[in-house]
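Based on the sequences and whatever the hints tell you, model everything.
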Amino acid sequence: MLIVHHLQRSQSERIVWLCEELQIPYELKNYARRKDNLFAPPEYKSLHATGTAPIIQDGSVTLAESAAIAEYILTKYGKGKLVIGPDQPNYAEYLYWFHASNGSFQPSMGLGLIVESSGIPADHLTAQYVKRSREKLLKMLDNRLKENAWLAGDEFTAADVMVVFTLSTMRLFTPYELTGYDGILAYLKRIGDRPGYKSAMEKGDPGFVPIFGAEVPEPLKRQT
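Numbering of the sequence shown is given in this note's numbering, commencing with residue 27 and proceeding in unit increments.
Fair warning: there could be bad hints in the mix.
Label pairs and their computed distance ranges (CB to CB) [unchecked claim]: (1) 139 x 67: 29 to 39 Å; (2) 49 x 111: 14 to 24 Å; (3) 147 x 55: 38 to 48 Å; (4) 29 x 212: 34 to 44 Å; (5) 154 x 69: 36 to 46 Å; (6) 72 x 97: 23 to 33 Å; (7) 105 x 218: 20 to 30 Å; (8) 72 x 150: 34 to 44 Å; (9) 103 x 129: 23 to 33 Å; (10) 105 x 62: 36 to 46 Å; (11) 212 x 118: 22 to 32 Å; (12) 67 x 212: 28 to 38 Å; (13) 150 x 118: 29 to 39 Å; (14) 218 x 94: 18 to 28 Å.
Below 20 Å or equal to it, Euclidean Cα-Cα: the simulated DMTMM-like pairs (lysine to aspartate or glutamate) are [claimed, not checked]: (15) 162 x 241; (16) 55 x 231; (17) 247 x 180.
To be clear, the hints were calculated from the coordinates, so they are not data collected in a lab.
Note that beta-carbon positions come from the ideal geometry of N, C-alpha and C, so glycine has one too.
What follows is the structure, given as structure tokens:
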């Protein structure tokens, strides 16, 4: 059986959510972050050479990287659900938004985390560049969602599953506000109403309230 190793408060929530949306059988194993440094525990890091979330096991296969895992599950178990085929007019849009998550959005937000944790002043040239880059991406996404219910168009797809983490849970690590991005905020409301998303969060991160508001969230903090 497919085993999903989920590091709580991490991008591996995408994989739990994907499985719930597809309604496929899988075994879920949850791992809490270490309290002293918020990293994955040793038993999680030992699962794969990268030591990063997410990780799945399927028979003799052990796979990391969320996009690779999503494609693996969609291809092997999805039965055509949540994907757009090359014969459909919005195929290019689906591909773009599916890969933009890890190709553009997450690196931009991750760079913000590095800048903020390094103590660089907000008015520093580097910090300003990171801020402008993030705002440019958010504006593009906001415009898309003002014109479309979902990223690929009228249909919810795996592209949505990939993107939402950077707009929600990742803000615990690199806090930013969404004030003025009405398209994104309405989109997150639609996401939160999906039974598949609710079920995934209840199973993978019980008790966690999704970060869907406009305000800057309280960052996740280490405990000493």
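Hint check:
Range check, residue 139 to residue 67: Cβ separation about 20 Å, and the 29 to 39 Å hint is violated. The hinted range of 14 to 24 Å is satisfied by residue 49 and residue 111, whose Cβ atoms lie roughly 20 Å apart. Checked against the hint of 38 to 48 Å, the C-beta distance between residue 147 and residue 55 comes to roughly 42 Å, which is consistent with it. Between residue 29 and residue 212 the Cβ separation comes to about 35 Å, which falls inside the hinted range of 34 to 44 Å.
At roughly 41 Å, the beta-carbon separation of residue 154 and residue 69 lies within the given 36 to 46 Å, and the hint holds. For residue 72 paired with residue 97, a C-beta distance near 25 Å keeps the hint of 23 to 33 Å intact. At about 26 Å, the beta-carbon gap between residue 105 and residue 218 stays in the expected band of 20 to 30 Å. The hinted window of 34 to 44 Å between residue 72 and residue 150 holds, with their beta carbons roughly 38 Å apart.
Between residue 103 and residue 129 the beta carbons are some 24 Å apart, a value that agrees with the proposed interval 23 to 33 Å. One distance hint, 36 to 46 Å for the beta-carbon pair residue 105 and residue 62, holds here, with the actual separation near 43 Å. Distance hint check for residue 212 and residue 118: the Cβ-Cβ separation is about 24 Å, which falls inside the suggested range of 22 to 32 Å. A hinted range of 28 to 38 Å for the beta carbons of residue 67 and residue 212 is consistent with their spacing of about 37 Å.
For residue 150 and residue 118, the Cβ-Cβ distance of about 38 Å falls inside the hinted range of 29 to 39 Å, so the restraint holds. Under the hint 18 to 28 Å, the C-beta atoms of residue 218 and residue 94, about 27 Å apart, fit the expected range. Of the pairs offered as hints, the one joining residue 162 and residue 241 holds, with about 19 Å between alpha carbons and a cut-off of 20 Å not exceeded. Distance hint between residue 55 and residue 231 is fulfilled; the C-alpha atoms sit about 11 Å from each other, no more than 20 Å.
Proposed proximity of residue 247 and residue 180 is contradicted: the alpha carbons are some 38 Å apart, above 20 Å.
Figure legend: structure checked against the earlier numbered hints; hints not met, in rising order: 1, 17.
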